[in-house]
Amino acid sequence: PDGGKVLYLTFDAGYENGYTAQILDILKEREVPGAFFLVGDYLERNPDLVRRMTEEGHIVGNHTMDHPDMSGLSGDAFAAQLGDMEALYEDITGQTLPKFYRPPQGLYSEENLRMAQKLGYQTVFWSLAYADWDNEHQPEPDAAVEKLLSRTHDGAVILLHATSKTNAEILDRLIGKWQEMGYRFAPLTELFQ
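Residue numbers (our numbering): 1014 to 1206.
For the record, the hints were derived by calculation from the structure and aren't laboratory data.
Note that CB positions come from ideal geometry on N, CA and C, so glycine has one too.
Some hints here could point you the wrong way.
PhoX-like, lysine-lysine: derived pairs with alpha carbons at most 20 Å apart [said to hold, decoys possible]:
#	residue 1	residue 2
1	LYS1131	LYS1160
2	LYS1178	LYS1041
3	LYS1018	LYS1178
4	LYS1160	LYS1178
5	LYS1131	LYS1112
6	LYS1041	LYS1190
Derived DEER-like restraints, expressed as beta-carbon distance ranges [unchecked claim]:
#	residue 1	residue 2	range
7	GLU1153	GLU1124	20 to 28 Å
8	GLN1135	ASP1097	13 to 21 Å
9	GLY1119	GLY1168	12 to 20 Å
10	GLU1159	ASP1104	18 to 26 Å
11	ASP1061	ASN1148	17 to 25 Å
12	GLY1189	GLN1108	16 to 24 Å
13	ALA1092	ASP1054	15 to 23 Å
14	ALA1092	PRO1060	32 to 40 Å
15	ASP1147	GLN1035	15 to 23 Å
16	GLN1192	ASP1061	27 to 35 Å
17	GLY1189	ASP1082	18 to 26 Å
18	GLN1035	THR1109	23 to 31 Å
19	ARG1043	GLY1168	13 to 21 Å
20	SER1163	ALA1092	35 to 43 Å
Just need the whole structure built from these sequences, with the hints factored in.
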């Protein structure tokens, strides 16, 4: 790592809401790496966006095939949720899915963590998030920026939902503010070095 203050930008997407291309445009323009935790249905419905994420150097992470409560799964059922997603990603991109896993809704058991590790995965939670997932009640942009900036800390793993209109609207401004605060953006691979 280069040292200095660092942030890790991650996005969760269970479905496409029309904002991911805009988010990718901003990340490309700003040369900021992101990680997109996707579910199987997202890959099936949006293969071009998934290929674009990969081609533009972002990490596509495993958010499971069907977004179940993983804390109640074990053994073959747990492995299938991750394995089916891996196979689908490889079919679409011709590449191996990076071994980063985010449990749906952050629900997990200690056994889950061990199983993910045994399957070669790093489990990635978050340390900074806000109520951005409800598309019927999107946060007001200025308030969202203020809330996120006030909670920012060195090493933060930021969770934003790619389905959020507000996030698409404020992302460029946020990245600029974070950079003014002296932060750089790093890929998740650096977090686990």
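Hints and how they fare:
1. Of the supplied pair hints, the one linking LYS1131 and LYS1160 is violated, its CA atoms being roughly 37 Å apart against a limit of 20 Å.
2. For the proposed pair LYS1178 and LYS1041, the alpha carbon gap of about 19 Å is at most 20 Å, so the pair holds.
3. Between LYS1018 and LYS1178, the direct Cα distance comes to roughly 28 Å. Violation of the 20 Å bound is thereby established for this hinted pair.
4. Simply put, LYS1160 and LYS1178 have alpha-carbon atoms about 16 Å apart, close enough for the 20 Å limit, and the pair holds.
5. A distance of roughly 11 Å separates the Cα atoms of LYS1131 and LYS1112; the hinted pair therefore holds under the 20 Å criterion.
6. Proximity of LYS1041 to LYS1190 is assessed by CA-CA distance (about 17 Å); at most 20 Å being required, the pair is judged to hold.
7. A hinted range of 20 to 28 Å is violated for the C-beta pair GLU1153 and GLU1124, which are about 41 Å apart.
8. Separation of GLN1135 from ASP1097 is about 19 Å and conforms to the stated range, judged on CB atoms against 13 to 21 Å.
9. Between GLY1119 and GLY1168 the C-beta distance comes to about 18 Å, which sits within the given range of 12 to 20 Å.
10. Look at GLU1159 against ASP1104: about 42 Å separates their beta carbons, and that is not inside 18 to 26 Å.
11. Roughly 22 Å separates the CB atoms of ASP1061 and ASN1148, a value that falls within the hinted 17 to 25 Å.
12. Remark: the range hint 16 to 24 Å for GLY1189 to GLN1108 is contradicted by a beta-carbon distance near 31 Å.
13. Checked against the hint of 15 to 23 Å, the C-beta distance between ALA1092 and ASP1054 comes to roughly 19 Å, which is consistent with it.
14. Separation of ALA1092 from PRO1060 is about 24 Å and departs from the stated range, judged on CB atoms against 32 to 40 Å.
15. Restraint check, ASP1147 to GLN1035: a C-beta distance of roughly 19 Å satisfies the suggested window 15 to 23 Å.
16. Checked against the given bound of 27 to 35 Å, the beta carbons of GLN1192 and ASP1061, roughly 29 Å apart, stay inside it.
17. Taking the beta carbon of each, GLY1189 and ASP1082 are about 37 Å apart, not inside 18 to 26 Å as hinted.
18. Checked against the given bound of 23 to 31 Å, the beta carbons of GLN1035 and THR1109, roughly 28 Å apart, stay inside it.
19. A beta carbon spacing of about 20 Å between ARG1043 and GLY1168 agrees with the range 13 to 21 Å that was offered as a hint.
20. About 40 Å separates the C-beta atoms of SER1163 and ALA1092, a value consistent with the hinted range of 35 to 43 Å.
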